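Enquirer: These are the residues of each chain, in order.
Number of protein chains: 2
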Amino acid sequence: MATDRNRILVESIKRLLRRGATSHLSKIVNKTHAADLSLVFHSLSLAQQRKLFGLISNVEQKGILFSELDEDTFQDLTEDMRVEDIVRILESMPTDDVADIIGRLPEEKSQAILDKMKRAESQEVEDLLRYGDDTAGGIMVPDFIALREDVTAREAIESLQTEHSDVEMAFYLYVVDEYGKLVGVSSLRQLVVVSPATPLREFMITDVFSVQTDMDQEEVAKLVARYDILAVPVVDGSNRLMGIVTVDDVIDILRKEATEDILKMAGAGEEFVETKSIFKSTRIRLPWLFASCLGGIFAFFIIGEFESSLSKIAYLAAFIPVIMGMGGNIGTQSSTIVVRGLATGRINVRDIWTVVFKELSIGLILGFVYGLLIGSVAQVRYSMEALALSVALAVICSMSVAALVGSLVPMGFARINIDPAVATGPLVTTAIDIISVFFYFMIATTLLGL
Amino acid sequence: MATDRNRILVESIKRLLRRGATSHLSKIVNKTHAADLSLVFHSLSLAQQRKLFGLISNVEQKGILFSELDEDTFQDLTEDMRVEDIVRILESMPTDDVADIIGRLPEEKSQAILDKMKRAESQEVEDLLRYGDDTAGGIMVPDFIALREDVTAREAIESLQTEHSDVEMAFYLYVVDEYGKLVGVSSLRQLVVVSPATPLREFMITDVFSVQTDMDQEEVAKLVARYDILAVPVVDGSNRLMGIVTVDDVIDILRKEATEDILKMAGAGEEFVETKSIFKSTRIRLPWLFASCLGGIFAFFIIGEFESSLSKIAYLAAFIPVIMGMGGNIGTQSSTIVVRGLATGRINVRDIWTVVFKELSIGLILGFVYGLLIGSVAQVRYSMEALALSVALAVICSMSVAALVGSLVPMGFARINIDPAVATGPLVTTAIDIISVFFYFMIATTLLGL
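One line per chain: the protein sequences are H and V, in this order. In terms of my numbering, the first sequence opens at residue 646 and continues consecutively. In terms of my numbering, the second sequence opens at residue 646 and continues consecutively.
It should be emphasised that the hints constitute simulated quantities derived from the structure, not laboratory data. It cannot be assumed that every hint is accurate.
If several chains are the same, the list does not tell them apart, and a pair holds so long as it fits within one copy or across any two.
Below, a list of computed lysine-lysine pairs in the DSBU-like style, where the Cα atoms sit at most 35 Å apart [what the hints assert, rightly or not]:
no., residue 1, residue 2
1, 763, 676
2, 826, 676
3, 901, 925
4, 901, 672
Quick caveat, the model's predicted, so the values are computed rather than measured.
Use the sequences and the hints to build the structure in full.
Expert: What follows is the structure, encoded as structure tokens:
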């Protein structure tokens, strides 16, 4: 939820935009943190966004805004801007964010931008673009402090004032050998507490934790989170230091991955679509609904098979929603717990049978509880023991099968390295619907002798 | 998903525990990072956990493990431990983690522990316990560096070697006035680049970003994430510096909040329950299913009203699953997008009508697409125009109402400050089920003249 402060900001900016109070607006805009401005941006129309962006005078603030905007907004906003102006803003940004943006632009535009950039910087960006988007290489920054092991603490501090004065996140100093291979690390803090003449070799930590350039970004983020570190060095195949991944990027990755998991489980795409146009959103959501459509059509062919039973006892149909609903809901509980447990490391993929057995037990217990309850209501309403018993049994079957399927499918997918989140939502729900309806009619026609 | 390295670790530890290879085990355990050990712990039985814990010789490693364990595991593990041993471990831990653990223990046990702790430390813990669990005060650490503004850079560096040598996360130095009020901040890096005789006053940043002790922890975490800072100072009502919240805690909070949202939306409680016993899990999940049970019972009373229509055209029942399923699935998409959008700040709670209108439009478009498709299949199967038309119209109604309800309910709840996640899952699904079934039978009986 936005804080109250942000709500007030959004409203005053909207009001000032409507009134065309340009000088007042530019005062507010230039006093506001770019991260807050990007929240405001999401609530504005394209024309308003252009106007507001034009009022920002600080290039660095524009840069932060660039890296916070989603792809579509960025494209719309820069459509009419001159390449020179875009380049000036990009040059004020960290290299990994620039690579991110350039990587998403159409080939033609990205080439034009790279051509106009300073040689050294465009080289750095192109280096990063060689790595996969979602790997350690793709998210690392090449700005880090690397020194030789015979450098003294005093010399290291001096280098912070001179050659490394532009390194942004300077809390660790990395120590490399003559080939640029990572051999140690020291914190900035350690540097000031030893005596100035001590060489790095004597106080650096040699047991350095590092990751390879091709490691998946989610794994990198989890490692940084698990070990409570502020930055992790990224090395190539021969242990040469290539860059670092900092904790602020790790936070962004963890949040993005959580959002992706949530959306996938609901069958709503992978990326957040609310800011896209109605037609784009529709296109992304359409295919996920197709699974449940096919399942539903399959269900009506199954029920069609029991048409003669239904015409004898019409109120058999009345229990379809409750049986489907109970199965669907416990199945969602099970699959959600398993998917999130796997994502956070609370559930180990090796423990498949323990987890599935536990879920099945829970499904059986809850099935008995609700089967008894719903069966009793059925008995009160229709006074037919065989019908009430069929409904109760169907609820038990539906709920225990749902808990079984809801846990087994994501565990099984994780085991064979398919993302459990993407496979879970629509698949599990649809499978449970079909199974529930089928069991119900089989049980009812048998017990009622139809 | 656990990395391969961790899978191997879990398996070797389990194998060694079975074989009782104590000396080999204790070698492995004492070389492993506590964060990795805590992952292993989740896969072990209580007896195995006790045994493994006993093999750890390093008190600090035990401390990290303590803070990573969930409440139940912690209680089970320490049941038979002597208070002195628990205290020795707690004293090696950061104060906020100790307060977290003590706050969750039964009164009797927590008092026994506090009595045995060193006076200064138990005082710090009790200070933290005064603040709400989920507030900035409850998650801050009282270990920070606070200096007066006339202190020089050289003196500040000296204080790092003497009085502040035990501060763990020392990347910012806070500057306070004679009353302990926060007036500025300097980074450790800034400290080493200025000339040693410069007083803090001359290079500190006076525009310090701080939060109040009673701010909700989720808000604090979002601010740290948004502004890319490593720690935020926490002040009381009169701007006195009380502690800092560091970025590693922020990561934990953001992950925990994401997990809570996901679980609430699936109606599976708030806390992660997979590690709890079967009966505890059952008890937590039972009440959430009651909503869908009541909804289902309500639905069968509604369908009961249409009994005479059903006995005339039995296959009316065959379309119940597909109509419920399509509505339920698009409703889940809408509510998931809205809940996650609100949580991440991508959707502003003030834009309620824009968001709801957009979702309704998407619901209508997708309703037409799938209504046409499902209606056509119905026509092919039963060759009854009025039936096919009823089914098509019911799908359109069900899907657009579902998108409307799915977006309106969480937006409305957020507007009146009720957590949209907790209210969304079971409520939305159940409401959509009932509405869908009712519309379907109303449309069908009208068009078919039943």
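Enquirer: How do residue 826 and residue 676 come out at 35 Å by Cα distance, when the copy is not named: within, between, both, or neither?
Expert: Cα proximity of residue 826 and residue 676: across copies only (24 Å, versus 44 Å in one copy).
Enquirer: For residue 763 and residue 676, with the copy left unspecified, which applies at a CA distance of at most 35 Å: within, between, both, or neither?
Expert: Answer is within; shortest intra-copy Cα gap is 30 Å, inter-copy 47 Å.
Enquirer: For the identical chains here, do residue 901 and residue 925 meet the 35 Å Cα criterion within one copy, between copies, both, or neither?
Expert: both (20 Å within a copy, 31 Å between copies)
Enquirer: State whether the alpha carbon distance between residue 901 and residue 672 is at most 35 Å within one copy, between copies, both, or neither.
Expert: Within one copy only: 33 Å inside a chain, 38 Å across chains, cut-off 35 Å.
When the structure is compared with the earlier hints, no violation turns up for any of them.
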